[in-house]
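Peer 1: Sequence:
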Amino acid sequence: MKATAGRLSGLLGYQVRRAQVRAFQSFAQAAGGMGLTPMLFGVLVVIDERPGVSQAEIADALGADPSTMVRMLDQLEKRAWVRREPSPVDRRSTLPVLTEAGRSILVEALPLVIESDRRIAAALTSAERETLLDLLRRL
Numbered sequence: 528m529k530a531t532a533g534r535l536s537g538l539l540g541y542q543v544r545r546a547q548v549r550a551f552q553s554f555a556q557a558a559g560g561m562g563l564t565p566m567l568f569g570v571l572v573v574i575d576e577r578p579g580v581s582q583a584e585i586a587d588a589l590g591a592d593p594s595t596m597v598r599m600l601d602q603l604e605k606r607a608w609v610r611r612e613p614s615p616v617d618r619r620s621t622l623p624v625l626t627e628a629g630r631s632i633l634v635e636a637l638p639l640v641i642e643s644d645r646r647i648a649a650a651l652t653s654a655e656r657e658t659l660l661d662l663l664r665r666l
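Every letter in the sequence shown is one number past the one before it in the numbering used here, and letter 12, counting from 1, is 539.
Hints in this document: simulated from the structure, not taken from any laboratory.
Note that the structure is a prediction, hence the values are computed from the model and not measured.
Beta carbons: idealized from backbone N, C-alpha and C, even for Gly.
Among these hints, one or two may not hold up.
Claimed, not checked - What follows is a list of derived Cβ distance ranges for each label pair:
#: 1; residue 1: K605; residue 2: D661; range: 19 to 27 Å
#: 2; residue 1: G533; residue 2: A583; range: 39 to 47 Å
#: 3; residue 1: V634; residue 2: E612; range: 17 to 25 Å
#: 4; residue 1: D661; residue 2: G533; range: 26 to 34 Å
#: 5; residue 1: V634; residue 2: L539; range: 31 to 39 Å
Please model the complete structure; the sequences and the hints are all you need to start from.
Peer 2: What follows is the structure, encoded as structure tokens:
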């Protein structure tokens, strides 16, 4: 019996999880050798796209809890891809900033991740891909 036969094949959560596993495997194949995970990559992208973003805002943007974000930023800081700078509006807070090494790893990883994304959606037309993205955003 196929793994997706029967009751499981009609469960949205099951199908989303299988798609996630495939996406993470593809990501690991494309960018895992660089020491990146999908979450670490996401953190770098958010910091790059939103200068001055707070740790809490990054967690919110990625759907992560704040304690996970602390660990992610610690990892990125250990690799010298991110540094924490004092917030200009709240001296008790720090804001993550990409270092030159962090920007370089992001520039190197981005085309690999885009190609990985293209591969996992290869069975879809452009319109189907856009529809799937729209549906997933609504969920």
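Peer 1: Could you run down the list of hints and mark each one as holding or not?
Peer 2: So, going through the hints one by one against the coordinates:
no. : hint                      : result
1   : K605 <-> D661: 19 to 27 Å : violated (37 Å)
2   : G533 <-> A583: 39 to 47 Å : holds (42 Å)
3   : V634 <-> E612: 17 to 25 Å : holds (21 Å)
4   : D661 <-> G533: 26 to 34 Å : holds (29 Å)
5   : V634 <-> L539: 31 to 39 Å : holds (36 Å)
In summary, the structure is inconsistent with hint 1 from the numbered list given earlier, while agreeing with all the others.
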